[in-house]
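So the protein lines, in turn, are chains F and B.
331 is the number that full-length UniProt numbering gives to position 331 of the first sequence; each next residue is one higher, with no gaps.
266 is the number that full-length UniProt numbering gives to position 266 of the second sequence; each next residue is one higher, with no gaps.
Don't take each hint at face value.
Said to hold, decoys possible - With a cut-off of at most 20 Å between alpha-carbon atoms, the simulated PhoX-like pairs for lysine-lysine come out as follows:
#: 1; chain 1: B; residue 1: K79; chain 2: F; residue 2: K4
#: 2; chain 1: F; residue 1: K284; chain 2: F; residue 2: K410
#: 3; chain 1: B; residue 1: K4; chain 2: F; residue 2: K79
#: 4; chain 1: B; residue 1: K318; chain 2: B; residue 2: K369
#: 5; chain 1: F; residue 1: K198; chain 2: F; residue 2: K358
#: 6; chain 1: F; residue 1: K94; chain 2: B; residue 2: K79
#: 7; chain 1: B; residue 1: K79; chain 2: F; residue 2: K179
Think of the hints as simulated: they come from the structure by calculation, not from any bench.
Treat the numbers as computed from the prediction; the structure is a model and nothing was measured.
There are 2 protein chains.
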Amino acid sequence: MTIKVPHRLYLTEDQIPQQWYNLRADMKEQAAPMINPATGKPAVVEDLYPVFCKELAQQEMDNETRYFDIPEEVRDIYKIYRPAPLCRAYNLEKALDTPAKIYYKFEGNNTSGSHKLNSAVAQAYYAKKEGLKGVTTETGAGQWGTALSEACSYFGLDLQVYMVKVSYNQKPFRKDIMKTFGAQVFASPSDRTEAGRKILAEDPDNSGSLGCAISEAVEVAVTNEGYRYVLGSVLNQVLLHQSIIGLESKIAMEQLDEYPDIVIGCAGGGSNLGGLIAPFMQDKLTGKADPRIIAVEPASCPSLTRGVYKYDFCDTGKITPMAKMYTLGCTFKPSANHAGGLRYHGMSPILSKLYADKYMEAESYEQTKVFEAAVQFAKLETILPAPESAHAIRGAIDEALKCKETGETKTILFGLTGTGYFDMTAYAAYNEGRMSDSVPTDEELQPSIDALPTIPGIQE
Amino acid sequence: MTIKVPHRLYLTEDQIPQQWYNLRADMKEQAAPMINPATGKPAVVEDLYPVFCKELAQQEMDNETRYFDIPEEVRDIYKIYRPAPLCRAYNLEKALDTPAKIYYKFEGNNTSGSHKLNSAVAQAYYAKKEGLKGVTTETGAGQWGTALSEACSYFGLDLQVYMVKVSYNQKPFRKDIMKTFGAQVFASPSDRTEAGRKILAEDPDNSGSLGCAISEAVEVAVTNEGYRYVLGSVLNQVLLHQSIIGLESKIAMEQLDEYPDIVIGCAGGGSNLGGLIAPFMQDKLTGKADPRIIAVEPASCPSLTRGVYKYDFCDTGKITPMAKMYTLGCTFKPSANHAGGLRYHGMSPILSKLYADKYMEAESYEQTKVFEAAVQFAKLETILPAPESAHAIRGAIDEALKCKETGETKTILFGLTGTGYFDMTAYAAYNEGRMSDSVPTDEELQPSIDALPTIPGIQE
Numbered sequence: 001m002t003i004k005v006p007h008r009l010y011l012t013e014d015q016i017p018q019q020w021y022n023l024r025a026d027m028k029e030q031a032a033p034m035i036n037p038a039t040g041k042p043a044v045v046e047d048l049y050p051v052f053c054k055e056l057a058q059q060e061m062d063n064e065t066r067y068f069d070i071p072e073e074v075r076d077i078y079k080i081y082r083p084a085p086l087c088r089a090y091n092l093e094k095a096l097d098t099p100a101k102i103y104y105k106f107e108g109n110n111t112s113g114s115h116k117l118n119s120a121v122a123q124a125y126y127a128k129k130e131g132l133k134g135v136t137t138e139t140g141a142g143q144w145g146t147a148l149s150e151a152c153s154y155f156g157l158d159l160q161v162y163m164v165k166v167s168y169n170q171k172p173f174r175k176d177i178m179k180t181f182g183a184q185v186f187a188s189p190s191d192r193t194e195a196g197r198k199i200l201a202e203d204p205d206n207s208g209s210l211g212c213a214i215s216e217a218v219e220v221a222v223t224n225e226g227y228r229y230v231l232g233s234v235l236n237q238v239l240l241h242q243s244i245i246g247l248e249s250k251i252a253m254e255q256l257d258e259y260p261d262i263v264i265g266c267a268g269g270g271s272n273l274g275g276l277i278a279p280f281m282q283d284k285l286t287g288k289a290d291p292r293i294i295a296v297e298p299a300s301c302p303s304l305t306r307g308v309y310k311y312d313f314c315d316t317g318k319i320t321p322m323a324k325m326y327t328l329g330c331t332f333k334p335s336a337n338h339a340g341g342l343r344y345h346g347m348s349p350i351l352s353k354l355y356a357d358k359y360m361e362a363e364s365y366e367q368t369k370v371f372e373a374a375v376q377f378a379k380l381e382t383i384l385p386a387p388e389s390a391h392a393i394r395g396a397i398d399e400a401l402k403c404k405e406t407g408e409t410k411t412i413l414f415g416l417t418g419t420g421y422f423d424m425t426a427y428a429a430y431n432e433g434r435m436s437d438s439v440p441t442d443e444e445l446q447p448s449i450d451a452l453p454t455i456p457g458i459q460e
Numbered sequence: 001m002t003i004k005v006p007h008r009l010y011l012t013e014d015q016i017p018q019q020w021y022n023l024r025a026d027m028k029e030q031a032a033p034m035i036n037p038a039t040g041k042p043a044v045v046e047d048l049y050p051v052f053c054k055e056l057a058q059q060e061m062d063n064e065t066r067y068f069d070i071p072e073e074v075r076d077i078y079k080i081y082r083p084a085p086l087c088r089a090y091n092l093e094k095a096l097d098t099p100a101k102i103y104y105k106f107e108g109n110n111t112s113g114s115h116k117l118n119s120a121v122a123q124a125y126y127a128k129k130e131g132l133k134g135v136t137t138e139t140g141a142g143q144w145g146t147a148l149s150e151a152c153s154y155f156g157l158d159l160q161v162y163m164v165k166v167s168y169n170q171k172p173f174r175k176d177i178m179k180t181f182g183a184q185v186f187a188s189p190s191d192r193t194e195a196g197r198k199i200l201a202e203d204p205d206n207s208g209s210l211g212c213a214i215s216e217a218v219e220v221a222v223t224n225e226g227y228r229y230v231l232g233s234v235l236n237q238v239l240l241h242q243s244i245i246g247l248e249s250k251i252a253m254e255q256l257d258e259y260p261d262i263v264i265g266c267a268g269g270g271s272n273l274g275g276l277i278a279p280f281m282q283d284k285l286t287g288k289a290d291p292r293i294i295a296v297e298p299a300s301c302p303s304l305t306r307g308v309y310k311y312d313f314c315d316t317g318k319i320t321p322m323a324k325m326y327t328l329g330c331t332f333k334p335s336a337n338h339a340g341g342l343r344y345h346g347m348s349p350i351l352s353k354l355y356a357d358k359y360m361e362a363e364s365y366e367q368t369k370v371f372e373a374a375v376q377f378a379k380l381e382t383i384l385p386a387p388e389s390a391h392a393i394r395g396a397i398d399e400a401l402k403c404k405e406t407g408e409t410k411t412i413l414f415g416l417t418g419t420g421y422f423d424m425t426a427y428a429a430y431n432e433g434r435m436s437d438s439v440p441t442d443e444e445l446q447p448s449i450d451a452l453p454t455i456p457g458i459q460e
């Protein structure tokens, strides 16, 4: 019997997974441990307590526990906006005239507009449970800040968001939506922190960077009683929470008697990609299946495809622990790129390790090619994608076109992480032919890579 | 057995209704017929052919046919973004500490961000089927223009949108999203039409009005070969298409063994309200049930609560047929009100008749009270509502609070028509205490009511 595949498949509330899946438990080799820059030694969980709340610090360090129960309070919020639909892109398939079957998991059906809410809710819950007054964070494009504002509003936590100044000015509506949910939003660099004041003293017109905003948010968290810092990507805990994306996708595909030959996600810090691929990578690691797994990143910030696999700081202020990851160097400044959420210099250590061990492929695309795919998709599937998500669309379209050439009926699954309502400036630039591609030359990449920190005995 | 009510109930694709329901077929008395201003006589269907494409003109005039088959091509698009979920507002109920059960039908899960797509798809389909080159329309807040851009892009139709100049300038992103879908967007008044040039000659700084934009769009449609005009509200055909909202809501509620005691919708031209209430009004008209049905409108543009029930033009340019409806007069200029979609001087003739015959109640709210409800809702239910939709939220909250006083366990259903991503200017004004209420005095309402047209023998 053939199963009829609907355009959008929603699981029922009861089918929302009750546990997150920890990919590390199935990895044959673990990612290299974080290094405490003060000691030059592997960080222990206590090193993280001043920055993260305890349960999150424990999740961060736990390479053993395969499944973590999703707390009831977190599930209660998931139920308001989840399950997210698994969609069959019938119209896109038809327009491409491809024999491939294209599925996408759409995570944009909530006010924050992206998958970021999955981890924001979890992090806010643990902070509240620990009795904290509030949390601090940074945001670039604003999706994470918006998601965390919602989550903190729900749990009654204070929230201070340090928003990269150029985004703060270019995207005033992002600030307004965070304020609607009760967050305080500051343009970074600000005069509220040592880190910010130092930068402003040197350069009063500094327009900020994600690394600088991280430094400010961490400083406020560690110097204020009852506050901790939270982060929306890169971290192991974030990938754990985001595994809900992949777990739901897999249940929905099983219901349709489908399994992906190719899984594609956009990659900035790795939060969406790590979550989407989790159960499929599990199958790969345990020998149950062998799907191709592809990370798609912007050519303007190509950490996997052109970076080096070395220890680096997670922030430009160099106050965080160091992680071994694919990186362009924490002092790398990506040129103007509207896909703001993918402008991070590094990459999740878990994903970096899987990429180094050849469990995963990576490719990069120039911005105009990404927006071409975004507009094509919007017209056919009635969803205006976030520029970040459009990287995955581009990758999926190109794989589907390869199937057209070879005649192969492959099943493709990609992650549609969010909507582009707050990215209309970029769409307007594309529509009006004002969008340019900015791919750094090798010479432009070298200085920040050369400036990577050395750690005696580990990385010299 | 108690049925467990999920936070969001999605029907399956197969459960999407196959027919629209025409409320007129069950009305004991019909709304007064449209009048052709050229003859002063009731309009016949041929009078509409120069303006509307034929099948839509026929739907407009058909008071008999109870159900219309939804064309397969329209259903194919509905399947991409429908069924829309029926949501149980558990968190809102808890925060209000009310014994009432609050349900809402959420229509914002598509790129256009509102229910407008339901009729846009239908109207674009019939235009394409008739072999037209394109259509013209006006848009105020921009939801209709966005929805129609999507629909026309899908069917490969040209689209010219005349957008009220003040909105065009205040909401540049709305223009950009329409352009992304390939529409041409002009600020109205423009120099492209007689109507526009006349207004600009008298007042070069004229910032436009919905009525003026309608005049321009109609003029372009009737003077260009292969073009017709389409409208997103007020019309009988629009209420017919929007009945999908109510039909799905009713199926979903039946599945939960629920029936609403109160149905609440926001009311501008009536497209959402007429669609949401359709099957429940049917029950009322046929004596099967007796739910209360409440229209909520802005105090700044109170056509039902403070208007008169008389014949009026649908546009300020006075080129459309005249309809008998609750109206503030087609020359009424609502003061600045961010809930742009509810700023229309009149009201659907069908809804006007039902209100006159006491099948429906109406109430009005001031803007700050509406935004108070919007923000409360956003924080509890993770959806940022459109200002228009927030009128219905306000109404639902107040009914739920009455239940708290009386201890009654009423079941409330309201329509959440869309999202507020493009209304952040209004949210920012509310957050920062800059929002004011603007309720016209009786003296301010009188001139446009006094200026209503007289029709010999009918309305003198």
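The hints, checked one at a time:
The hinted pair formed by K79/B and K4/F meets the criterion: a straight-line CA distance of about 13 Å does not exceed 20 Å. Taking the CA atoms of K284/F and K410/F, the gap is about 17 Å. The hint holds against a cut of 20 Å. A threshold of 20 Å between alpha carbons decides the hint, and for K4/B with K79/F the separation of about 13 Å falls inside it, so the pair holds. A hinted pair counts as satisfied when its Cα atoms are at most 20 Å apart, and K318/B with K369/B does not qualify at roughly 34 Å.
Proximity of K198/F to K358/F is assessed by CA-CA distance (about 42 Å); at most 20 Å being required, the pair is judged violated. Restraint check: the Cα-Cα separation between K94/F and K79/B comes to about 15 Å, which is no more than 20 Å; the hinted pair holds. For the hint linking K79/B to K179/F, the alpha-carbon distance of about 35 Å lies beyond 20 Å, and the restraint is violated.
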